[in-house]
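K.L.:
Chains as they are written, first to last, in our numbering: chain V, 217 to 559; chain R, 217 to 559; chain S, 217 to 559.
Keep in mind that a hint or two might mislead.
No copy labels: a pair is met if it fits in one copy or bridges any two.
Unchecked claim - The calculated lysine-lysine pairs, modelled on DSBU-like cross-linking and capped at a C-alpha distance of 30 Å, are:
hint, residue 1, residue 2
1, Lys-445, Lys-336
2, Lys-419, Lys-365
3, Lys-544, Lys-236
4, Lys-510, Lys-336
5, Lys-537, Lys-236
No lab work stands behind these hints, which were simulated from the structure alone.
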Amino acid sequence: MAKTNKGRFFEDYKVGDVIKHAVPRTVSGGERALYHALYPARHAVYSSDQFAASVGLPKSPLEDLLAFHVVFGKTVPDVSLNAVANLGYAEGRWLTPVFEGDTLRSESEVIGVKQNSNGKSGVVYVRTRGLNQNDEVVMEYVRWVMVRKGNLDAPAPETQIPDLAKVIDAGDLVIPEGLDFTGYDFDLAGEAHRWGDYEVGEKIDHVDGVTVEEAEHMIATRLWQNTAKVHFDTTARPDGSRLIYGGHVISMARALSFNGLANAQMIVGLNGGAHANPCLSGTTIRAWSEVLDKAETSAPGVGAIRLRLVATSGGAPFDLKGEDGKYKPEVLLDLDYWALMPV
Amino acid sequence: MAKTNKGRFFEDYKVGDVIKHAVPRTVSGGERALYHALYPARHAVYSSDQFAASVGLPKSPLEDLLAFHVVFGKTVPDVSLNAVANLGYAEGRWLTPVFEGDTLRSESEVIGVKQNSNGKSGVVYVRTRGLNQNDEVVMEYVRWVMVRKGNLDAPAPETQIPDLAKVIDAGDLVIPEGLDFTGYDFDLAGEAHRWGDYEVGEKIDHVDGVTVEEAEHMIATRLWQNTAKVHFDTTARPDGSRLIYGGHVISMARALSFNGLANAQMIVGLNGGAHANPCLSGTTIRAWSEVLDKAETSAPGVGAIRLRLVATSGGAPFDLKGEDGKYKPEVLLDLDYWALMPV
Amino acid sequence: MAKTNKGRFFEDYKVGDVIKHAVPRTVSGGERALYHALYPARHAVYSSDQFAASVGLPKSPLEDLLAFHVVFGKTVPDVSLNAVANLGYAEGRWLTPVFEGDTLRSESEVIGVKQNSNGKSGVVYVRTRGLNQNDEVVMEYVRWVMVRKGNLDAPAPETQIPDLAKVIDAGDLVIPEGLDFTGYDFDLAGEAHRWGDYEVGEKIDHVDGVTVEEAEHMIATRLWQNTAKVHFDTTARPDGSRLIYGGHVISMARALSFNGLANAQMIVGLNGGAHANPCLSGTTIRAWSEVLDKAETSAPGVGAIRLRLVATSGGAPFDLKGEDGKYKPEVLLDLDYWALMPV
């Protein structure tokens, strides 16, 4: 009896199946410190218990993207071990902040399948939920991946493509309980710009760059218990390179965006995202943002801002796609998210 | 008066001497997170407080090998600073789980000495104990090393070689208090295979590989406060390479063995081990296991399994020694240990 | 309206201004573990809660230099983003130990300005204070940097150079409340040498070396939320190298000094320091110390020792300056500090 996990193939996914992912994880100040050691993260809500208390939270939560990575990592052995490509994200929402001492687990429901015309692979859509020790959903998102078939003779399933929102309606964003930005300290947060200072269409070059190293992205990716071979094993890809986990690029770009968006404190929605080009060690990651939308919220002093966050390996800022409509080769990431800012 | 520690030489060890090692260490969630960031460790008991509680433990302990590394690291300045080779381990037992907030210290009793026929070095046997802040022994093991003489004119001591068990009797293994695997959640643990599914003689290729980097092994080795020069200083060895701490290879191989042995949760015995060949940065570490024995225990739902864990730098799995009886050059580690599994 | 921080230029500093730095930071066991993973730090007071309690402290504080780095890192965006050079330190004192759970913030008062004769830059002197969540000053120090002018037409300010002590008087050192070395355990601390064993003028070669890697210094520097481009971005300097944060060298040298100064437990004063030459990845850092002075203190069993700590990239120990009075090219750091030892 074979003991090792070969991963699931396309024909192993049935719409309606719920996969309970291993391994639950208790997070602590260790994960917090490592997050701040691996990314130049400085958003004050996630850095200081006192600052978090001043905006109505019980204490400083762990970074929203840290929660995402922990939840996501658990899905890899069941969802993307045989994936050819990570195609997209949608309907991501952060529902409950994660604090030190919380234990996270993940489960995914298969919500769509579509075999490719080549008969060798197909697209699988899953809605993943991360839950804490109180069975509260801390975050959820839809992801779709292209997965190889293990048995080419397996019959094609009935195509089912879920109806996914292009953008989460601002009214569906969940504001953390108690959040109140009316007493927000802009000095301690690092910038004076408030929600009202940003205009839809405005673009911000975040200026700074970070050259990434093999040890760093592996340390990060292991911490999220993401086991995909391509990130760790130089024999897994023909050219001997290790592919950097796309989430590492997301966190790096988000952290770099502090410079110009220091007050876009909490991420509450993930509308979509594309890992436009692979990122390898030695790349100097830069980032720019575009304000896509703004919305009021019901929480005191809290506005929502919808941002495009683009990570690049160089080139001119604000240069996204070529005349052919394809991403420029230096674009690593094109992410669309909602954050909360003081109005 | 010279202030720096030159380390002990062969003639400085007397059978019966007890060496109280510096420096005690309080461990926290920081060590836990770093362990999971440095090794792809996913055993559920060590990842989740809730999972640990579901098997009768007060909360998630720190990895057994983390405890080993902390205890071992303290012995380096007193035992192996002038060691030529780390020759073997025996009679290792984990006696009390280590939790966040515990403070560990180590002491070693010299239990054997044998001068080599060349008169320039000798073998020293020590039994090391790690103790926590309540003076409970958290683990113990015997190690023997070859140590240079400082004064070649020092007389050879009477040869004393301790009588060491080749294998720890299963009845001598200590099961953590309260451990109960009757309600074990195989979904959350990551694999369905239970103790009864493994056969003596069965071999498992753990499939995955990790290419290791200088920064990683130095970060790990420093965290255990292991000060051996060869791990850190490129001027310490003639070829300018840094030798990776053998314990780094042990932890990497153990973590890789999750894939196929996810339910071999707790390490309770170390029967022996050989660092067959040195490991350097850039090596892609792989692992395979062989089931050497199985035994029942008195704890509810808990079986003991004796495993050979082999780490390699490549080559075919299950290929251990050549016709000359020597380890193949790609074998890095040959470890023999007892673990606890749900029956 | 430009959203990104361009940093302050020479003409933006006015004597008497107080700059409240972003971002406050709550520290935990994660920062402690990372500090011990990045530097071979072993001083027992900072390693063990029980050892700390045995010398009268409530529990093990975080390393004094960790507190320094956290406080310093916050000043970078406001003080040294456009700095040409970090010229010196003076009057540094540690006033209150930092414990896990504390939240640190920083503020700096401009205490001096002097435009350079070239009209293109000037020297700015600031006194920085780090405060905890109870508004206690945990440490303070003076630093002066050379900063570019942004507007070359800005008029030169009136020159004001603060009157700074060359050396902190031993009577002005602040001993942590309750500190008592009368029951000090030299075995657990790692060395037998007490304050009385050191002579003014004595020099100690700390023997060990550590070859540093890009990933390590970036992980450290990010953890302190120090954002200076030159440490992270290979496109920031003409030769493509990343300059290692000077504080990384300080911590590495201090940790290496354990071997010979294991009982120089707590750093309480920083008299001065020069980053004599830049340090790059691949350098093997070594350290030596010289006893500059000794003083009694009012605390039981506690003596103060003034030490020169020199970090080098090789060369002979104790070789500091050439005949021209300039630092030898292999000298990286020349630091002058006060520490506390058991008498």
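K.L.:
Would you mind marking each hint as holding or not holding in the structure?
P.N.:
Evaluated hints:
1. Lys-445 <-> Lys-336: Classified as within; 21 Å inside a copy, 47 Å across copies.
2. Lys-419 <-> Lys-365: between (42 Å within a copy, 28 Å between copies)
3. Lys-544 <-> Lys-236: This pair counts as neither: shortest intra-copy Cα distance 38 Å, inter-copy 41 Å.
4. Lys-510 <-> Lys-336: neither (43 Å within a copy, 43 Å between copies)
5. Lys-537 <-> Lys-236: neither (38 Å within a copy, 41 Å between copies)
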